[in-house]
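Sequences listed follow chains L and U, in order.
Its first residue numbered 1, the first sequence is counted upward by one per residue in UniProt numbering.
Its first residue numbered 1, the second sequence is counted upward by one per residue in UniProt numbering.
Derived by calculation from the structure, the hints in this document are not laboratory data.
A quick note: this is a predicted structure, and the numbers were derived from the prediction, not measured.
Mixed in with the good hints, there may be bad ones.
To be verified - Estimated spans, in silico, between C-beta atoms of each pair:
#, chain 1, residue 1, chain 2, residue 2, range
1, U, Y41, L, P137, 24 to 34 Å
2, L, C220, U, H226, 57 to 67 Å
3, U, E101, L, V29, 24 to 34 Å
4, U, P72, L, P137, 48 to 58 Å
5, U, N26, L, K2, 29 to 39 Å
6, L, H205, U, H205, 35 to 45 Å
7, U, H226, L, E275, 47 to 57 Å
8, U, Y39, L, P137, 11 to 21 Å
9, L, E275, U, E104, 47 to 57 Å
10, U, G229, L, N42, 18 to 28 Å
11, L, E104, U, V29, 19 to 29 Å
Note that the Cβ used here is the ideal one computed from N, Cα and C, for glycine as well.
Number of protein chains: 2
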Amino acid sequence: MKTTRIGILGLGTVGKGVVEALGRQNTVVIDKILVREPYRYNSDLPLTTNVWEIIEDPDIDIVVEVMGGVDPAYEYLSSALHSGKSVVTANKEVVARYGPELMELARQNRQGFLFEASVGGGIPILDALTWHLRATPIHAVEGVVNGTTNFILNQMEQGMEFSAALQRAQALGLAEQNPSADVEGWDSARKLSILAGLAFSSWIHAEKEHVLGITHVKSCHLRRLHEMGFGLRLVARAQRQPSSIGFVVAPTVYPRGHRYLKLAGSQNAIGIFSEAGTTWIEGPGAGGIATASSIIADIQRIRFSIPDREPLFFEDFPAADIDDSYLIFTEDPYQPLPDIPDSLQKGAGYLVSPHALPPETGLVQYRFRIQ
Amino acid sequence: MKTTRIGILGLGTVGKGVVEALGRQNTVVIDKILVREPYRYNSDLPLTTNVWEIIEDPDIDIVVEVMGGVDPAYEYLSSALHSGKSVVTANKEVVARYGPELMELARQNRQGFLFEASVGGGIPILDALTWHLRATPIHAVEGVVNGTTNFILNQMEQGMEFSAALQRAQALGLAEQNPSADVEGWDSARKLSILAGLAFSSWIHAEKEHVLGITHVKSCHLRRLHEMGFGLRLVARAQRQPSSIGFVVAPTVYPRGHRYLKLAGSQNAIGIFSEAGTTWIEGPGAGGIATASSIIADIQRIRFSIPDREPLFFEDFPAADIDDSYLIFTEDPYQPLPDIPDSLQKGAGYLVSPHALPPETGLVQYRFRIQ
């Protein structure tokens, strides 16, 4: 088996995880790593500040991009594919915006373009979705895919107001200095675009009307919900509708005991509802080692796969709001329906309608609007 | 893209699911289907009673085996690989017993040998384990991988004795007429051999001392546990130990609210505990459409993969019992520890030791012995 040579763009938490994990492999060699400030790193590493030394190096087979952001990452990835290199990326922003274009570019150049790490960090969801779960028609995909908002909501449930909880998350390194992508729901929306794109062969570009973050949630609401046996999470959900793909990111209410409310630390949970049944995958949604494991998996898949795959065809369905309401799900159809207290219906909000999803999903869904 | 021609061995629930699912594809064609009694089926299907018409047909690329049992399935699969065909199988008994040998035979013949459907029906676990989750060292793998025992235990918790609950499961078609593989734990043990084999590169052949079924569980124990807030499931678990692989299938006690106790119908749940964190996958563990989706995924992977993979090397670790005790897990390290009532410790059983697993697993484990 030939040695595979890779170039890495970026050396943050995930990049360092990739370097460490590849230290255990002897068939994959790191040729060069692009960084901005080489003096900040261990001098044993093959650092460069010139991206073209990677993109134009004929010995490099795969470019791994872990720098983030659209500009200049998108340009670098397009150029790498044009140069006949395969690409592995963790960049959800680039994939959400340019996924189908880059997949097609990879196919034309007979290269791989994989992005397992872009959704759910170390959770093995995208490859399973592409090859396995799509094999039976999918009704809906949903999940809690942002750990930062989980942390903030937990703090708020204990009485802290949003801005104080956010500051605490920033102090602990759990939220970015510019936190808008996380707390306004755009990070979740990008991940949902990728999940829905693969699930429904229709790449949705989220608009503002589909995405509601947690910035308007009040600590007093969370405490009140908690007293009544409910909790709230920022949930992303896409579902197949007659002539559109329902697409929504919104704070959503669940009865105590629901899997979303039990997610600890950076754990994420993603559910796929198909004709074959319901599949849930929970795992580490962030972290250097976890995210690196997704990148290593993509590298191995490219090493052992023929890049000349059948094209994935994407249709253009319009995105539609599912509902601007909060949702309550109960998972077990044999369980009694959750008791929605009158006070909640009249006070903090009201029940819009109970609505059974297709029976094979095993879900009963309540639309529930909070004032 | 060339059309792929397949031969199917067996036309039961899963075989019919495969035929139906492939009806939606136009790049995979069913050439022949092996059955014992052709007059029982729709005459439009290309049936044969002679397996060599499939194994020796040079036009057939992939043999799909869904007949079950070791004899003659093992011989057919070996012959197919020797004849230069790839093999996809749902046969956990053959894979648990001959997995490494058949993988090596496939590699030598530059063919694929995949068996996603053999564990967890439609759950995308084995490919994720092989390519992704193994990328970081795995501490343990465990799961509830047998739906029949879930049904029986649920009936018993409501007051039915084991033999009556088993008869009911048989009457509903949820248990085989010869139910020993399910209720004595061998079905779970075979699936655990496959999971542990891929997780630890060591194929364990379960011995009787590692496998405890549910035949000795009494309805009065389950009712008593239930009153105290606990439930019981048949759990399979393998873990890396200093010089062995801990391997156990045993009835295990969990506090109410644990994911295993919420599994409805034929849902299975499998957890992977690695240095990257904990990953849980839950999904349909049985059913024609679900299991067929795993087979379709394997067919597609073989169509687009180079069969000349690096060999998987298997080491010989001895199998060791983890403990002949029942286990209690609590998943959330921030939750208070479950309250083990004195009566339970003195009466139906006793707590052996609380034992924290590695912190990255987020689990606290209690060993708990029932008299």
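Right, here's what the structure says about each hint:
no., hint, result
1, U:Y41 x L:P137: 24 to 34 Å, "holds (25 Å)"
2, L:C220 x U:H226: 57 to 67 Å, "violated (37 Å)"
3, U:E101 x L:V29: 24 to 34 Å, "holds (32 Å)"
4, U:P72 x L:P137: 48 to 58 Å, "violated (35 Å)"
5, U:N26 x L:K2: 29 to 39 Å, "holds (35 Å)"
6, L:H205 x U:H205: 35 to 45 Å, "violated (53 Å)"
7, U:H226 x L:E275: 47 to 57 Å, "violated (34 Å)"
8, U:Y39 x L:P137: 11 to 21 Å, "violated (33 Å)"
9, L:E275 x U:E104: 47 to 57 Å, "violated (36 Å)"
10, U:G229 x L:N42: 18 to 28 Å, "violated (52 Å)"
11, L:E104 x U:V29: 19 to 29 Å, "holds (27 Å)"
Checked against the numbered hints given earlier, the structure breaks hints 2, 4, 6, 7, 8, 9, 10 and satisfies all the rest.
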